[in-house]
Amino acid sequence: MERTGPTVRFSGLLATCTAAVLAAGALVATAPAASAADVDVARNGTFEAGLDGWSCTAGSGSAVSTPVHGGTKALKGTPAGNDNAKCSQAVTVKPNSRYTLSAWVQGSPVYLGATGTGTTDVSTWTQSTGAWKQLTTSFTTGPSTTSVSVYTHGWYGTPAHYVDDLTLVGPGGDPVVVPAVPAGLRTTAITSSSVALSWNAVSGATGYDVYRGGTKVASATGPSATVTGLAASTAYSFQVTATNAAGESAKSAAVTATTTAGGGGGDTKLPARALVGYLHSSFANGSGYTRMADVPASWDVINLAFGEPTTVTSGDIRFSLCPVAECPNVESEAEFKAAIKAKQAAGKKVLISIGGQNGQVQLASTAARDAFVTSVSKIIDTYGLDGLDIDFEGHSLSLNTGDTDFRAPTSPVIVNLISAVKTLKAKYGSDFVLTMAPETFFVQLGYQFYGSGPWGGQDPRAGAYLPVIHALRDDLTLLHVQDYNSGPIMGLDNQYHSMGGADFHIAMTDMLLAGFPVAGNTSRVFPGLRPDQVAIGLPASTQAGNGHTSPAEVNKALNCLIKKTDCGSYQTHGTWTDLRGLMTWSINWDRFNNWEFSRNFDAYFGS
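Per my numbering, numbering of the sequence shown is gapless, rising by one per residue and ending at 608.
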């Protein structure tokens with residue numbers, strides 16, 4: 002809104018490394034030579050085919066051409082934050098058989114191991130900062146073991162490491178074939194925003210993919226999954242496939258389920274249609290100062306702008322009323338608190354909004370995270386507020402290189418914000434109101450770009466709100482993305498949409514409700530939010546921000562999203578009858594503009 006890595010525990014690392022060295026010494030000394038009938042059963046252990054056959058955490062692995070031990074490629078693993086750059090592969094083996102696992106490595110330290118052996122899982126490690134060094138260990142499979150997972154990884158906070166010429170030598174397993182189609186797909190639990198599914202396990206499958214209406218929306222390692230982010234009172238069709246190293250089965254027979262009525266977690270007793278506005282409480286600008294008692298009854302959620310940090314990285318948030326010299330008509334603190342209580346007695350919610358255009362907040366450390374929780378709690382308690390609005394802008398949120406999966410973020414500023422908000426939610430309970438006001442750059446742009454991208458070079462802030470929204474979706478009361486001060490954004494129709502008219506709000510809002518693959522990756526789909534969790538964010542006047550939308554165009558957008566009329570060229574992916582309402586920057590600017598925005602809201606919804 003406009004106003005004009007974790008610490009490395011060396012003692013644990015030393016203990017782990019010491020144990021691994023002792024284990025490695027014993028294992029290497031007793032490892033038998035491979036017999037003439039033995040073969041290398043690992044797939045693409047030379048990495049000449051890139052990462053084919055390998056799965057690396059959080060996009061931490063890549064195939065590089067230098068340095069290599071043999072051939073033209075090697076694996077590069079890059080630890081980041083809480084990720085140790087683990088790359089693994091499921092390998093088919095025979096029961097009661099001896100296997101020798103070996104790899105050439107370079108880095109400090111590098112681990113090699115196997116799990117799921119059916120007997121004793123093994124691992125070994127080494128430090129090799131200058132030259133390639135061979136790691137070797139071995140194991141015997143259990144009487145019913147037909148698959149093991151072999152892996153390599155580095156250590157938290159260490160530089161990149163390299164792996165090449167990995168082999169798993171022993172009796173050849175049976176050829177891996179595409180698994181059969183899963184049977185018995187059924188629902189096990191249904192809420193207003195989710196459907197839990199289960200199905201019969203498939204022999205030879207290492208994973209399963211769940212499809213909703215033909216679009217992949219979830220993956221699972223076992224025969225069950227829960228699909229979230231669904232609309233209330235809506236019918237959905239689901240199918241499931243089985244996967245392994247050989248490929249993916251055909252889709253199962255479909256099962257349909259209808260979600261229950263709305264009012265799930267995070268609702269906090271807002272009216273069915275809510276009007277949200279920001280109140281300039283700590284500063285003045287061209288719109289003038291508006292006292293809390295003078296805010297009209299139209300406004301259901303009032304966000305106090307702004308709580309700001311003492312420094313960008315301190316996490317210490319402060320809020321105070323506008324100085325008299327700047328705002329001559331400012332009320333006293335006692336009057337302000339009394340007006341808040343009066344609003345709440347009338348059923349309104351009053352929140353502290355953190356950030357804004359000038360309030361950059363980077364929770365890059367756990368100390369900053371804890372300071373954030375303590376200081377925000379003090380503001381909430383001092384003024385008796387109902388909750389928190391997160392309006393992080395600018396460079397507050399960005400993704401570290403290698404942080405590529407919104408479902409499992411590793412960047413400290415992201416992880417610490419999620420943790421801080423969850424702590425506040427737990428402290429204040431189910432009635433705690435949580436709203437967010439990100440810019441389109443941090444949300445919908447994620448359909449095309451996410452962070453610095455798989456090869457680097459992109460803006461690391463692209464889509465950076467997505468992991469926060471996703472992690473907090475069950476606690477989230479309202480998301481009102483700022484549909485203004487935005488460049489053109491690609492919608493789900495793969496066309497660019499520009500702000501200022503109904504089309505932009507229709508396309509941007511539909512993305513939030515339908516969900517979308519992040520950075521085009523269909524295996525990483527951001528699930529849609531419930532319609533009652535979403536409001537459209539707009540400027541209240543032409544002076545409030547770029548992208549002002551006339552009341553007539555606002556009404557067209559509402560007609561399309563709620564009634565599926567006046568949609569123009571863009572076709573929504575649902576009829577979002579429970580859309581919560583509108584947000585604006587700001588109450589002050591709406592007053593300056595003769596209350597045009599709120600009057601139109603009241604007229605449209607019959608308030």
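Where hints are given, some of them may not hold.
What the hints assert, rightly or not - Each computed DSSO-like pair below joins lysine-lysine, with the alpha-carbon atoms no more than 30 angstroms apart:
{"id": "1", "residue 1": "Lys87", "residue 2": "Lys565"}
{"id": "2", "residue 1": "Lys344", "residue 2": "Lys252"}
{"id": "3", "residue 1": "Lys217", "residue 2": "Lys565"}
{"id": "4", "residue 1": "Lys87", "residue 2": "Lys134"}
{"id": "5", "residue 1": "Lys74", "residue 2": "Lys270"}
{"id": "6", "residue 1": "Lys134", "residue 2": "Lys95"}
{"id": "7", "residue 1": "Lys379", "residue 2": "Lys428"}
{"id": "8", "residue 1": "Lys428", "residue 2": "Lys342"}
{"id": "9", "residue 1": "Lys379", "residue 2": "Lys349"}
{"id": "10", "residue 1": "Lys134", "residue 2": "Lys74"}
{"id": "11", "residue 1": "Lys134", "residue 2": "Lys270"}
{"id": "12", "residue 1": "Lys270", "residue 2": "Lys565"}
{"id": "13", "residue 1": "Lys270", "residue 2": "Lys217"}
{"id": "14", "residue 1": "Lys338", "residue 2": "Lys426"}
{"id": "15", "residue 1": "Lys379", "residue 2": "Lys344"}
{"id": "16", "residue 1": "Lys379", "residue 2": "Lys426"}
{"id": "17", "residue 1": "Lys252", "residue 2": "Lys349"}
{"id": "18", "residue 1": "Lys379", "residue 2": "Lys423"}
{"id": "19", "residue 1": "Lys423", "residue 2": "Lys349"}
{"id": "20", "residue 1": "Lys349", "residue 2": "Lys74"}
{"id": "21", "residue 1": "Lys338", "residue 2": "Lys270"}
{"id": "22", "residue 1": "Lys564", "residue 2": "Lys217"}
{"id": "23", "residue 1": "Lys338", "residue 2": "Lys349"}
{"id": "24", "residue 1": "Lys344", "residue 2": "Lys217"}
{"id": "25", "residue 1": "Lys74", "residue 2": "Lys87"}
{"id": "26", "residue 1": "Lys217", "residue 2": "Lys423"}
{"id": "27", "residue 1": "Lys349", "residue 2": "Lys270"}
{"id": "28", "residue 1": "Lys426", "residue 2": "Lys342"}
{"id": "29", "residue 1": "Lys426", "residue 2": "Lys344"}
{"id": "30", "residue 1": "Lys87", "residue 2": "Lys270"}
Derived by calculation from the structure, the hints in this document are not laboratory data.
Which of the stated hints cannot be reconciled with the structure, identified by number in ascending sequence? 1, 2, 5, 11, 13, 17, 20, 24, 30
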